[in-house]
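Given the structure of chain D, go ahead and fit chains S, E, W, F, B, V and L onto it with the hints provided.
Just so you know, the sequences run in chain order D, S, E, W, F, B, V and L.
Note that our numbering gives residue 56 to position 56 of the first sequence, counting from 1, and the numbers run on in steps of one.
Note that our numbering gives residue 428 to position 179 of the second sequence, counting from 1, and the numbers run on in steps of one.
Note that our numbering gives residue 652 to position 154 of the third sequence, counting from 1, and the numbers run on in steps of one.
Note that our numbering gives residue 820 to position 73 of the fourth sequence, counting from 1, and the numbers run on in steps of one.
Note that our numbering gives residue 1122 to position 126 of the fifth sequence, counting from 1, and the numbers run on in steps of one.
Note that our numbering gives residue 1371 to position 126 of the sixth sequence, counting from 1, and the numbers run on in steps of one.
Note that our numbering gives residue 1607 to position 113 of the seventh sequence, counting from 1, and the numbers run on in steps of one.
Note that our numbering gives residue 1987 to position 244 of the eighth sequence, counting from 1, and the numbers run on in steps of one.
Honestly, the hints are just simulated from the structure, not real lab data.
Please read all numbers here as calculations on a predicted model, not as lab measurements.
One should not assume that every hint holds.
Here are the simulated DSSO-like cross-link-like pairs (lysine-lysine), alpha carbons at most 27 Å apart as the crow flies [to be verified]:
#, chain 1, residue 1, chain 2, residue 2
1, W, K803, W, K789
2, B, K1412, V, K1550
3, E, K554, D, K82
Covered stretches of chain V (chain W as the covering partner; in silico rule of three or more C-beta atoms under 8 Å from a C-beta of chain W) [what the hints assert, rightly or not]:
#, stretch
4, 1536-1542
5, 1614-1625
Beta carbons are placed, not taken as given, at the ideal position from N, Cα and C, and that holds for glycine.
8 protein chains.
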Amino acid sequence: MEIESILKQVKEGAVSVEEAAQLLNMGNYEDIGYAKLDTSRKERTGFAEVVFCSGKADSHLMSIYERLYEKEGEVFGTRASKEQYELIGNRFPQAVYDPVSRILKIEKEGKKRTGSVAVCTAGTADIPVAEEAAQTAEFFGTRVERIFDVGVSGIHRLLSRVDVIRKANCVVAVAGMEGALASVIGGLVSRPVIAVPTSVGYGANLHGLSALLTMINSCANGIAVVNIDNGYGAGYLAAQMNRLAEGER
Amino acid sequence: MEIESILKQVKEGAVSVEEAAQLLNMGNYEDIGYAKLDTSRKERTGFAEVVFCSGKADSHLMSIYERLYEKEGEVFGTRASKEQYELIGNRFPQAVYDPVSRILKIEKEGKKRTGSVAVCTAGTADIPVAEEAAQTAEFFGTRVERIFDVGVSGIHRLLSRVDVIRKANCVVAVAGMEGALASVIGGLVSRPVIAVPTSVGYGANLHGLSALLTMINSCANGIAVVNIDNGYGAGYLAAQMNRLAEGER
Amino acid sequence: MEIESILKQVKEGAVSVEEAAQLLNMGNYEDIGYAKLDTSRKERTGFAEVVFCSGKADSHLMSIYERLYEKEGEVFGTRASKEQYELIGNRFPQAVYDPVSRILKIEKEGKKRTGSVAVCTAGTADIPVAEEAAQTAEFFGTRVERIFDVGVSGIHRLLSRVDVIRKANCVVAVAGMEGALASVIGGLVSRPVIAVPTSVGYGANLHGLSALLTMINSCANGIAVVNIDNGYGAGYLAAQMNRLAEGER
Amino acid sequence: MEIESILKQVKEGAVSVEEAAQLLNMGNYEDIGYAKLDTSRKERTGFAEVVFCSGKADSHLMSIYERLYEKEGEVFGTRASKEQYELIGNRFPQAVYDPVSRILKIEKEGKKRTGSVAVCTAGTADIPVAEEAAQTAEFFGTRVERIFDVGVSGIHRLLSRVDVIRKANCVVAVAGMEGALASVIGGLVSRPVIAVPTSVGYGANLHGLSALLTMINSCANGIAVVNIDNGYGAGYLAAQMNRLAEGER
Amino acid sequence: MEIESILKQVKEGAVSVEEAAQLLNMGNYEDIGYAKLDTSRKERTGFAEVVFCSGKADSHLMSIYERLYEKEGEVFGTRASKEQYELIGNRFPQAVYDPVSRILKIEKEGKKRTGSVAVCTAGTADIPVAEEAAQTAEFFGTRVERIFDVGVSGIHRLLSRVDVIRKANCVVAVAGMEGALASVIGGLVSRPVIAVPTSVGYGANLHGLSALLTMINSCANGIAVVNIDNGYGAGYLAAQMNRLAEGER
Amino acid sequence: MEIESILKQVKEGAVSVEEAAQLLNMGNYEDIGYAKLDTSRKERTGFAEVVFCSGKADSHLMSIYERLYEKEGEVFGTRASKEQYELIGNRFPQAVYDPVSRILKIEKEGKKRTGSVAVCTAGTADIPVAEEAAQTAEFFGTRVERIFDVGVSGIHRLLSRVDVIRKANCVVAVAGMEGALASVIGGLVSRPVIAVPTSVGYGANLHGLSALLTMINSCANGIAVVNIDNGYGAGYLAAQMNRLAEGER
Amino acid sequence: MEIESILKQVKEGAVSVEEAAQLLNMGNYEDIGYAKLDTSRKERTGFAEVVFCSGKADSHLMSIYERLYEKEGEVFGTRASKEQYELIGNRFPQAVYDPVSRILKIEKEGKKRTGSVAVCTAGTADIPVAEEAAQTAEFFGTRVERIFDVGVSGIHRLLSRVDVIRKANCVVAVAGMEGALASVIGGLVSRPVIAVPTSVGYGANLHGLSALLTMINSCANGIAVVNIDNGYGAGYLAAQMNRLAEGER
Amino acid sequence: MEIESILKQVKEGAVSVEEAAQLLNMGNYEDIGYAKLDTSRKERTGFAEVVFCSGKADSHLMSIYERLYEKEGEVFGTRASKEQYELIGNRFPQAVYDPVSRILKIEKEGKKRTGSVAVCTAGTADIPVAEEAAQTAEFFGTRVERIFDVGVSGIHRLLSRVDVIRKANCVVAVAGMEGALASVIGGLVSRPVIAVPTSVGYGANLHGLSALLTMINSCANGIAVVNIDNGYGAGYLAAQMNRLAEGER
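Only chain D is shown next, with the shape it has when bound in the complex:
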């Protein structure tokens, strides 16, 4: 992305006007009418585009899976319904669907996983969000340690697993209700903690907003927060941090 260097190459004829035009827009995309597929995202951000399946029309979903599969040889979709699995599974028998995390993916075989990320939950009701985080990180080449149901109402459960959590490159803390898990973990580890508030709870949980506020106001250091129920976003960040630690770009 060295504008002057590109321009010099254009001047010298080393790069064509068309090639340069695309480079200067900082990326390519493929215009498929109702959408502009961001085909240069992997180059820019290190990870190919992911499909948010929820609410997509069948024909749109199919053509997006087809285009991405063609380009990347694999596709990762989140928030997919069982019906969408049946649709995609008919065309791609190798597609795999997990009803807990609602991930619908076609994955290359033999991918290696490196490093280590710990994904913790406060309760069992937080597991769907945690699995979305864990499987996202795994798809992007991360080794994941799952440590579920270690909420602060029985803190001995968490304390008994501290040594495992401390070995991870980063920790994903998933919690609803009052969301206190992230603060406790933050005080125990030296690596970044990605806090994911969930909408688990009722009444004054305000659909997860209370847990989000808890996490944003944490008295512990090293806590970063993502959107309510955003397991995917946490898994993505965890994969980025894991790559940092493992020396990958």
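Here is chains S, E, W, F, B, V and L on its own, set in the frame of chain D:
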């Protein structure tokens, strides 16, 4: 408060019409113009009226202290300023003022304290609220154990004091920022936890509302919440519970 | 929980390393894959674990009921559906389901109830939450007095029952809409009042948040608040306070 | 305001074009540069314009008092500062200022007051707002009964005055903190209750918003709410209702 | 409600102990197990109890209609479903149901309506709430003038009806979206305006909260606000004010 | 709307009393019982009345379409359901329904479109709102350029279309989630940007409120905001601005 | 901004690499250490950069005024304090400061104003915001009509000025409290209405948020909203629209 | 933290009971009366304790600086006032205070900085928060690249620095008002983005809450959010991530 029994006594002449009229209103009060002093509160609720000093005019404050001192032989005031202390101290040399808790009191000598209440804080900035709670409970005859600066970002500090906390009849947990302290304590003890959110923090702490929401949504059992910075209310509740445990009415 | 004393016993061989390891984590748990059952909760908090049935998968619910029944000889579940009752009832014919409170329990016979807790509601629509509170307290060995439909729009109904309310060790006040009931009761009794806001109402009731704010801001002393519609939490606190009063641990 | 009748009179010459133009705009006003004084308000609404003094420049305030005094022979101003009183008092020695309600008025002598409005407060801190309401109603010719410090934490104080409250044409209920007073009064009287939330309190009182929500959600009938601390608005409504009852227009 | 006078009569034997006990509780009620019917409400507040049908069990609804019909000879229910109409209609063929306002009533024949209340709406979607207000007021003996679809986006519609509105004893202004109707009417009339925010709208209308805030902050005088969609409450207040104006108690 | 000139003409007999009466109310309307059709809106505002179909009863919808078609020769309805299309389509075979924008219209043939408005979306999920905006503007005679899926997470897509956007008379920026699109466009163009927040997203998007706040707080100049999901309002404003630019009234 | 055309010119040597590099970044800026002055803004957006004075350090403010004056020959600053005026006025004697709008400007002489924008306020307290809007539009070459104090509580004041408002190219409606002014104007004119909520009011006005919500939810068409108290933003938009209407770019 | 291994060593006498007791509490602390200094934090989390100076009493601040300096040889304090600098500077002449970031530190000489973190701001008003982040990261051994005033209203400024930003191990994006900067950067880089909302802005910025919501809802991947104005927290996270990338623990 047996209406029919009072009426029968009126009929039989055992109680005068005037006495009965007061009983049937469920209490007496003294009308001093700008206010109605609730002189039967101690009979009804077990504790004499307390003075919320903040914002009271000097002449009003003085006459309230005088009237209550006359009736009870002691006065307990909260949220008092240094100037109010000078005013009251001039008239009552035995008055004592604590600038941390802002309590301004005249207390009978030789009062006994019974039972045990633990007052914990997450940080040092929560101490003014905690002292308001502790000194309120003490004024009402409660023995108090102070355990300050045991917030969850260094949970070993709390764990090292668990045995003391467990011996109390109830626990007051005072915390600002994300307010996670109450949940952790709640999971460790068998006695009620009175959670006091404080306005300590900044940004999305929403002047204490975030901590309040954390505490209201606690995943632990046995947590009851009072208003933001309401140390007095927590101390009052703690004194009530301590009396329950000590078999006093 | 005397760390040094445990360590001394380890040193002296009085306690094995394995036993000590569990004690030092401050409790045991049973790892059943998707969850960590908190098997030492009764020791720590005085009450065995309770099942929040809502949203649990059938197989999970069944195995949790089986495990807890095996360990405790009884199980207490809240927010259960009729379908969950059919599932559990098939396996445990002695299970009892109350469609009002949505409690699904297997209870030991001949349990004794002691002390006294008053459970009051403002209106009839608050009864489901009140029954959750009452039956929770009863399961934990508390005698309960129900006083329903005594809201402040017809205050003579409440006043006519004040003598009963005053005799209780603590009072649970359940109210939606504007939630004023707790304040009025707070001014009439000497025991703690546990205020439960409900989501009953419409419009600016904000699904119970308005009632919660009313109760948190109460001008009366001795009021502690739990989450919206959290009858279980109120019943648990009431049982704790009742135990305090009855001298039980 | 019968458009066709005015037009007919124009056609027939009974009304001039200029007069008709003003009538058809439904009122007159006087344009004084920075403001348009609503000189026909008394005709339309029954009460002359009132001055909201807070934040007005000295020269503006003076000319508004002068213009209104010239037209009406009296002026009623709210939220005035002591400095504004000195300004106006210099020019109009008959001006009267009340530092509690912050009302600054020049009032005609010998005005008659009719009917009856009861103005109640929960606490003494609510008195400034209540006085604004009471004095507004009085200026507009209403007889006012003040009943202060009868909040629900000592309900016998309110009950001892119910007979007085019931005799009023309407009731103004002024309360901060949790604002429960309006509901209790609403259940005891047959006349409309005008509820005024105040910003009295702290923490989760949200500067009066909590009391406003309490009052809007009242379970009692016959409760209408005005803005936080809006004593003037309540007094105005009370005067309107009193006029209805006394058969005045 | 003169306590001393009652007591004197008890003393003198003019009133029995039982009668006095009821009077002193300020009202009677009938305890029917799950509810306490407020049978003295008409004496206290001028209007008999009204049934909020929504969510009531069939058997409860039926017995309440039966009890109230027995006592009053008529019953007024709000928020009733079609199914509830079929239930009640089977037992009381004279019952009448209006699907727009969802009012289900049994009304005495030949009731007189007096005075005048104007019920205005901003749009057609506000009519269900307006009809609840209008029919409530009518049931309580008020003559009602309906003026619908006169919102401020075409203000000539409102202005063409101002003369009718001005003749009413009070005005009910029903509006959703931005709720500006109440302010405009408030500036045009001398009688109280009861503002009813509705949940009509979408997006940032916050289910009616935005309209409520508009109305509470009105720059016009003489505006009192009730809860979102609370047509019943507005009709009740309108009937109270109409009675004031017509000299009824 | 020159009141004095109309009055003079009435006086001189050039205009009848009836005609003048209507003019002076600033518009006509047609009273059809449940509604007042604003038949002078086109004269006042330049655009005929539009039908908000959602929630209208079938008979009402039909008669409104019939009346407007009779008067204008075309009808434009928003938020229509498929069922409503079938109803109207039966009566008006020339009616056209677009299931994406949910617009149901009968349009005159051969209408000309002038000028240029750019309608941009951040993602594909924002297209329904964008189409409502685009088709509204088109119905009112505007030429529209659609530029979809150019959100800021791949900003090269937007930059590659900047020249097209800059040529428009104004820009409609439609975005959910964090709503940053409007700010970026605002910094790139010289024409007004109409920002439409959408409810697309989840968690802390607060049903579109977060995007609305983003847009209202934009650091870029020339950004005006409409309600969440209000494509119609944005299209209407765009048509107004386009007319300004094209010199039409 | 035709990337390919620039590249071709680079290739052909018609444009230097350095010039092209700047063009391709879509603008120039001047890096002055603590800030990056956007020197190409006028080319991109039609208006030179404006200075938000509030909170700027003296040395920064001075150098920004100097740099902008050097480049443009005039400078426009908003939210300036009197102290900042003294600072700048010392250096630039031709600087003019208006304490009402807090605008501090150095303006070229003899600038022409074209077209017409109407700036309306609800009350006199809204004038500071309105003046910021008016003077911003004037600085950018717009003729402005001021129509102040025409709020809806005396709607005849607004109606008497409708003809003037209707002649403007667009209307700025400035209002606090309930903010209803924008809706009423929106229903009367054919041009866009820019609504500016102000923080004028108290209590539930929520510092202007209530007025903002009113305006965003307006039932009238053609209303676009800017931030609370953002007179500058409204004036900028008005100048843009005026340019559209006057055929300027 | 291997409990069983510690116990074995106790059993075998390799570790004393006292040493083991401290280890098992997962850390040491120093009890200094009003506080418990977390002296094992560096061992647990990799960074020594930092002092939040705001609001600390002089004597407390001094003794904390003394204790930490004694233990670590350096002290890092945030949110310090000029007065606190004078206090500390008197005792420690080597203390350095930066009035922009309000950091007050005593730093060891010759510390090495490794890796790279980019700290970006949207405007100049965000610089104090950005400097807090940058200097925190620097104190913890991180090399920092400052890129200020690159907000989205002139996006060419950001695009001209993309190559620098892309080379960093992680990016801190600091923005107030609408907070869109984080999303744009997130779409351009492959490393984690730490988003810091600031309270810069006015009106509906809600003291930074609007920017926080924007960032939490970002459509770009790899964005993690900290509290409003929490530069320290962002710098801490950046230092953690930088260590990950540089292979340090």
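For which of the previously enumerated hints does the structure constitute a violation, in increasing order of number? As far as the earlier hints go, 2 and 4 are violated by this structure, in ascending order.
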